[in-house]
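J.: In the numbering used here, the protein residues as written are 845 to 1081.
There may be inaccurate statements among the hints.
[Said to hold, decoys possible] Pair by pair, the computed Cβ-Cβ distance ranges are: (1) S1063 <-> L974: 41 to 51 Å; (2) D995 <-> D1046: 16 to 26 Å; (3) K970 <-> R853: 40 to 50 Å; (4) D1069 <-> R859: 27 to 37 Å; (5) G1060 <-> G902: 20 to 30 Å; (6) A898 <-> S869: 14 to 24 Å.
By construction, these hints were calculated from the structure, which means they are not laboratory data. The model shown is predicted, which means the values in this text are computed figures rather than measured ones. Virtual Cβ for every residue (Gly too), placed ideally from N, Cα, C.
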Amino acid sequence: MSGAEITCREVWLSRGGLEFAFDFSLAAGGAAALMGPSGSGKSTLLDLVAGFEAPGSGAILIGDRDVTQDAPARRPVSMVFQENNLFGHLDVFANVALGRSPSLSLDEREREDVNAAIARVGLNGKEKRLPATLSGGERQRVALARVLVRDRPVLLLDEPFAALGPALRADMIALVRELSTERGMTLMMATHHPEDAERIADTMLYLEAGTIAADGPVSTFFGPDMPEAFRRYVGTE
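Required output: the full structure, derived from the provided sequences and hints.
T.: Here it is in structure tokens:
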């Protein structure tokens, strides 16, 4: 599997009395961090790419395919949320297997793939554990294993590690970067933590008032040529 280019072409959306306008491209296999104040549009942008929101105008392309009207299930996208979306009554194996088969009807090869994904994220031996018995980091590892068995070219993350402590968050960021690089996935992650953006991304999209106020290489954002809008933001964090 390899990543796919993400393009928002003059995308406009009005929601809750707020207006959002996005126009950008992220190269296939690229990793972008989305930063900006609360309410600036980070989650809205991810929801538009994932299909949970439909734009009022404009087009969203993944690769060479226009997905603007496609339902989330038809888009070549996986998404990880802060709350990790695990089913409490299902064990680790079943929660991961849902990424391959919603009916949990797996053949032997698919069961091997699920077990391999669980082992890859460091949860070997915990296949029968329920989510309530896992730590926050372990639950997010389950969500990442499900991403692996879904095998989609685009990975979206909406502040998935915000509730974790700094050391564990750093470990999870390193794991996501490693997995996305192995698979060649295109990655977009919303975060409030500048250090997370530096660790995971090569591109920064800084959002303000519903639009992309600045973008460019992450190294520029954390160097002497830091955009003024971003300088104001990190100066108040």
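J.: All hints are to be evaluated individually against the structure, with a verdict given for each.
T.: Do the hints match the structure? See the list:
1. Remark: the range hint 41 to 51 Å for S1063 to L974 is upheld by a beta-carbon distance near 43 Å.
2. Take D995 and D1046: their Cβ atoms lie about 23 Å apart, and the range 16 to 26 Å holds.
3. The given range of 40 to 50 Å is respected by K970 and R853, whose C-beta atoms sit roughly 43 Å from each other.
4. The hinted window of 27 to 37 Å between D1069 and R859 holds, with their beta carbons roughly 33 Å apart.
5. Evaluation of the 20 to 30 Å hint for G1060 and G902 yields a pass: the beta carbon distance comes to about 22 Å.
6. Separation of A898 from S869 is about 20 Å and conforms to the stated range, judged on CB atoms against 14 to 24 Å.
Violated hints are absent here; each numbered hint is respected by the structure.
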